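J.: Starting from the known structure of chain A, arrange chain B on it as the hints suggest.
Residue numbers (this note's numbering), protein chains in the order written: chain A, 1 to 273; chain B, 1 to 162.
Read the hints as simulated data drawn from the structure, not as lab findings.
There's no promise every hint is true.
Within a straight-line C-alpha distance of at most 20 Å, the following computed SDA-like cross-link-like pairs (lysine to any residue) qualify [claimed, not checked]: (1) 162/A <-> 71/B; (2) 213/A <-> 113/B; (3) 162/A <-> 128/B; (4) 196/A <-> 30/B; (5) 162/A <-> 137/B; (6) 196/A <-> 214/A; (7) 196/A <-> 85/B; (8) 196/A <-> 71/B; (9) 196/A <-> 61/B; (10) 213/A <-> 162/A; (11) 162/A <-> 61/B; (12) 196/A <-> 28/B; (13) 196/A <-> 69/B; (14) 162/A <-> 122/B; (15) 196/A <-> 27/B; (16) 196/A <-> 126/B; (17) 240/A <-> 125/B; (18) 114/A <-> 153/A; (19) 85/B <-> 122/B; (20) 196/A <-> 237/A; (21) 196/A <-> 20/B; (22) 196/A <-> 115/B; (23) 114/A <-> 237/A; (24) 196/A <-> 120/B; (25) 240/A <-> 126/B; (26) 162/A <-> 70/B; (27) 162/A <-> 137/A; (28) 196/A <-> 137/B; (29) 196/A <-> 29/B; (30) 196/A <-> 119/B; (31) 110/A <-> 229/A; (32) 162/A <-> 27/B; (33) 196/A <-> 60/B.
Distance windows between CB atoms, simulated [stated by the list, open to error]: (34) 98/B <-> 69/A: 57 to 63 Å; (35) 144/B <-> 154/A: 31 to 37 Å; (36) 24/B <-> 96/A: 36 to 42 Å; (37) 125/B <-> 143/A: 48 to 54 Å; (38) 53/B <-> 217/A: 49 to 55 Å; (39) 109/B <-> 121/A: 32 to 38 Å; (40) 215/A <-> 125/B: 21 to 27 Å.
Being a predicted model, the structure only gives us computed values, none of them experimental.
Cβ coordinates follow ideal geometry from the N, Cα and C atoms, glycine included.
What follows is each chain in one-letter form.
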Amino acid sequence: MNFFKKYTLLILTAVGLLAALIFYSLNIPHNRNANVIERWVITVFEPIMKPFYQLSLLGEGVVDNYLDLVNVRRENLHLRADIKALNSRVIAAEEACQENRRLTRLLDVKNTIKEPTLTATIIGEDLSPWFGTLVIDRGTSSGIAEGMSVVAADGVVGQVVKVARTSSRVLLLTDHSSGIAATIQRSRARGVVKGKGDGLCQLEFTTREEDVKVGDMVVSSGIGGVFLKGLPIGEVTMVKRGEYGIFQTVTIHPSVNIAHLEDVLVVLRNGND
Amino acid sequence: MTKWGATVIAIVAAVVLQSSVLPIYIASPFKPDLLLVFVVFLALRVSFTAGASMSWGLGLVKDVFSGLYLGLNALSFLLIFMVIKHISDRLYTGSAPLFVIAVSIATLSCVSIDMLLLVMFTASPGIAYSMSVGLVPHLLVNAFVASLVPLIPGFDRLLEAE
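One chain only, chain A, in its complex shape:
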């Protein structure tokens, strides 16, 4: 008895280990099937594990979403910067396309003019609302002189009146002081196109007997030598023949849209040449 008392713990430990070993060895053939203990433990823990697991999933979702949001904000800022850069490129490309179209049209006109020409860009307008002049970025250093004619892709713009070294002022055909010898393209009736203000012109000194109709095209006659013959000036929008008087009143809408003019051609031929 004393022996058992003395070695109780050791014996119990050995028995326990042996029982565990036997239990283990008995379960080896059935290692893929849950036994009673396993099923019971699983059944007990399942309702506790489930909400905790789902809560963990929720927590994970919150953390992930927060991290995603941080990333999304960073990505958003990055994309906004990209959009800005791309937008400016698109605008620049569109501007280049439009410039290309304008210059191509101007080049077509340049090829039809037999005299040497020079391309110029408009850099300013008249300070007063009642005078019609433009400032271009070419002057005496580019060979420009007073009296040279200025044309655009759609037709006559005006005449160079004041020249500095690197810029010049162009008197528009719509200015009250402007006068261009012109012809009605269809009937060859002659007159002088004078500026009327308000962006319009008037064909003066055309006698009542001359054949002028609304819609007729007015072109430069070449008389005077400033403007080349046949350049489009505008279209007749109104014809008025009074009961008395020698001349008829003819209003012309210029071919060139002066408000949106950007590039022009200066014909390098002075009227005095």
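T.: Here is chain B on its own, set in the frame of chain A:
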């Protein structure tokens, strides 16, 4: 920056704004006359000798960039300066409404003087009609610009500094 440096910068800015920037955004009849507003400001601000020569010079600058007749606006600006300067001692020049009224009267006078000179001395048929038609919008725009000038910080101080 010296006073004269600031004045030159203001004049250059006014010319560039009126010639190359504003025409892109606003229709022709609504072009303000910033130099005329400047002349009215000078008439209320600087001495007769300096102001008269500056007004004439500003008119010349305007003529260089406007129309065909050098000296036209120089004369009208000088006349406007002299008249306003003559009566400015009797006015409370720090008043914003008075500045707007002064600019409006100056605009009316400038257009009238220009019209008279153009009709009398140049061959510009129809210019009187164009100027008459454009007078009201021009007057309104100048009055609007004049109403903004007193909002510039230190407007009162500048007027009293004389």
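J.: Which of the numbered hints above does this structure break?
T.: 2, 3, 5, 7, 8, 9, 10, 19, 21, 23, 32, 33, 36, 37
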